[in-house]
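Going left to right, the sequence shown walks through residues -19 to -1, 1 to 723 as mature numbering (1 follows the signal peptide of the UniProt record, and there is no 0) numbers them.
Possibly wrong hints are sitting among the right ones.
Listed next, the in silico DSSO-like pairs over lysine-lysine satisfying Cα-Cα at most 30 Å (straight line) [as the list claims (entries may be wrong)]: (1) LYS426 with LYS45; (2) LYS533 with LYS58; (3) LYS58 with LYS38; (4) LYS412 with LYS58; (5) LYS426 with LYS412; (6) LYS45 with LYS25; (7) LYS426 with LYS459; (8) LYS510 with LYS520; (9) LYS533 with LYS426; (10) LYS25 with LYS67; (11) LYS249 with LYS25; (12) LYS243 with LYS301; (13) LYS426 with LYS58; (14) LYS533 with LYS38; (15) LYS591 with LYS520; (16) LYS67 with LYS591; (17) LYS45 with LYS58; (18) LYS426 with LYS510; (19) LYS520 with LYS533; (20) LYS520 with LYS459.
To be clear, the hints were calculated from the coordinates, so they are not data collected in a lab.
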Amino acid sequence: MQRILAVFLLLYLALPVAAAEVEVRSGEHQSFTRLVMRIPSQTKWTLENSTGSARLKVDLPDLKLDYGEVFDRVPRKRLSELHQEKAGAPLELQFACDCEARAFVQGGTLLVIDIRDRPASDPPLVLPLVPERVLASGDGVGADHPIEDREEDSGVAVNPRSQPSGGASQHTFLDFSAPMAGERTVENRLYSRIMRGVDQEVLALSPREATDPDDQISAAQAALTETLAAGLGLPNLRVTTVVDRDLRAAREGTASPTIARKCVDDQKLAVPDWADDSPFSTQYAVLRDGLYGEFDRINAQAALALVRFYIHFGFGDEAKVNLELLQPASPDRQLLASLAAAVEGRPAPVDNPLAGLQGCDNDAAMWSVLSERHAPETTNTNAVLRSYGRLPVHLRAYLGPVLGEYLTDAGFVDAAQQLVRAVERSDEGDKASIAVVEAKLAGLKNEPAVQEQKLTEVIEDASASTHAPLALIDLIEKRWVEGGDVTEQELLLAASFVHEYRRSEIGPQIQTAYVIAQALSAQFDEAMKTLLDPGQDRKSQVWRETVDRIVKRITSHGDDITFLRHVAMLESDLFLSVNTDTVTQVARRLNDLGFFEDALRYADRPQDRKSRPARVEIIARATLGTGRPHRALLELETASGPEVERLRAQAMREAGALEQAAEALTRAGDLEAASRYLWLAGAEAPIDGGEETRFGGIHLMGRALLEEREPSSGTPLAAAREMVDDSARVRDQIDSLLNRLP
């Protein structure tokens, strides 16, 4: 029996191991698209970026990535395609934009990839060592290859596709032209040494004028640059010594003390230990009794304990007031002020000791998120969840939804879901606050039905006085994005919120949402009346964006009369508030309705000069409608395409150039219309390839009718008979010609 078991064990071990399948989760954010996958701790990985794509290599031979549901949650506006050829192979990411991918490990086991728009970069630098010379066709670099020499000396090979996604920026030298053929060896060696110096950060290549806080260093650099420019033609070199580099790093470190901020010790953030289980009134009475000592002097220790006591129970404003009892130089006063603001959800003090500590691996991570009211991508969510679990029950119920909302806004879906479940298990959290977080999570997971359900629950909750208006704002915004409508009840509720919160901080937000709701309900007259109210701040960005959205909605959904009444002749400030995309839609509809002057006013605004080529067809059509064909031809001079050729033909026809109009229509592929224009122009022959068209045949018939016949050489009777036959033939041709005319 033991032998049989041993055989089975050997067979089992000999079987191939199934590939470990890992799900790739996705989420869409305003400025980036996020992919998340779980990998074992300490797993090595690399992310290589190239033009239009990226490649992720994970050091797991059997790793198989399941990315089937990625595009169910994110659009293809940044990430267009994912592909893994086989288990263990790299994951190929194809981009739909000029993007780059950055990756980092969250909590030791979550590999996070963010796809963002690539930042605008400076133009490539060129080193014209010998400007007069031109590299001969087919020649390579000289025998002394500078790039190879540089790599050999430095021991570092530059690979432009394998730059680390999150590390320090690397210099890429592929944009620098190699030395010209036939140059002297010393010049090649100099080029090599320059490249090596840049690698060592002793030289800095910059297309802009270098600045340095030290005037003497700046003067020396300017003199050296002038010398190099005169002798070698290198005006874009900036040279420093190793000493300059190290001193500059020291100065920058001194001037920016927050770069390497140390995590606050857990003992200073032990909020759960700042009170005990005895009744609140008992603890409060003891602390107040010991606050003043002999001669009414404040007991600093008692005052400090009272401040901590207030923070423990969530009374941030009271803690802030009692902080005034402490001396300004008291230790931890600034830290306690930040904690007091955090539990109240208010902005932190200017000198916030918790700023930038979201990545710490202790309680400082959670309090930093609460203090700064946002969670950056480097947030240690595991530390945040651990710290949250140690809070007293009343603080977990109060701060849980707040913390979950911050994590949701930052895209940490898993951590936010764990927080929501923890708050729900305690059964002491505010239901409306939890529903708000769940609605945002549903939006990130592309679950619109769940999102609307949760927002509706908040709106209909009578106890959600603070969350209901914000939930209604989110619901109206969701309807706008989806192109839907709002109900009459929701519109009335928005109107009541406008009146109720008109003097509050969220008053402008509710006012904007109400105007958008009116537009979604096709109440365009009321929406424009609200926008034109004298009390509106017409200089604010929110007002300008709202004007643009309402004009866009009227253009796409309003009837012709409403569209012309509100859009055709907008006031100057409203006219300037409409963005370029909306302007294009408005001008196109005005052209369709025949209001060419108004269309030209929109399509040819001075502030839209940069994007003018995209509207050249609209401008040309409007100028044709106003009877200016020559200007239309000028507008179309640099444009191409079938529709452009048709517009060009129309302009040439109105200008009387029928043959040129026929040529334009031929380029557009419309041989029928081209044959007609050529026939009207009185050309001798029809257009090539247009003989089978209607006007091509008419053209041929006309030529046949105009042909002169030679006189008959026969007898008079035969000539008369031939004349009669010709007359009958001509009558038949004329009849056929008239029948072919439209």
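To see whether the hints hold, each was checked on the structure:
A C-alpha spacing of about 23 Å is found between LYS426 and LYS45, which places the hinted pair at or below 30 Å, so the restraint holds. Pair hint LYS533 plus LYS58 holds up; C-alpha atoms about 22 Å apart against a cutoff of 30 Å. Between LYS58 and LYS38 the CA atoms are separated by roughly 24 Å; this keeps the pair inside 30 Å, and the hint holds. About 35 Å separates the Cα atoms of LYS412 and LYS58, which puts this hinted pair outside 30 Å; it is violated.
A hinted pair counts as satisfied when its Cα atoms are at most 30 Å apart, and LYS426 with LYS412 qualifies at roughly 21 Å. This hinted pair checks out: LYS45 and LYS25 have alpha carbons roughly 16 Å apart, not beyond 30 Å. This hinted pair checks out: LYS426 and LYS459 have alpha carbons roughly 14 Å apart, not beyond 30 Å. The suggested pairing of LYS510 with LYS520 holds, with an alpha-carbon distance near 17 Å, which does not exceed 30 Å.
Only pairs whose Cα atoms come within 30 Å are accepted, and LYS533 paired with LYS426 is accepted, the gap being roughly 28 Å. Our distance criterion of 30 Å between C-alpha atoms is met by LYS25 and LYS67, whose separation comes to about 19 Å. Among the hinted pairs, LYS249 with LYS25 is inconsistent with the structure: their alpha-carbon atoms are about 36 Å apart, more than 30 Å. The suggested pairing of LYS243 with LYS301 holds, with an alpha-carbon distance near 24 Å, which does not exceed 30 Å.
The hinted pair formed by LYS426 and LYS58 meets the criterion: a straight-line CA distance of about 17 Å does not exceed 30 Å. Annotation: proposed proximity of LYS533 to LYS38 is violated, straight-line Cα distance about 45 Å (limit 30 Å). Under the criterion of a C-alpha separation no larger than 30 Å, the hint pairing LYS591 with LYS520 is consistent with the structure, at around 24 Å. Between LYS67 and LYS591, the direct Cα distance comes to roughly 46 Å. Violation of the 30 Å bound is thereby established for this hinted pair.
Under the criterion of a C-alpha separation no larger than 30 Å, the hint pairing LYS45 with LYS58 is consistent with the structure, at around 25 Å. Distance hint between LYS426 and LYS510 is unfulfilled; the C-alpha atoms sit about 38 Å from each other, more than 30 Å. For the proposed pair LYS520 and LYS533, the alpha carbon gap of about 20 Å is at most 30 Å, so the pair holds. Among the hinted pairs, LYS520 with LYS459 is consistent with the structure: their alpha-carbon atoms are about 26 Å apart, no more than 30 Å.
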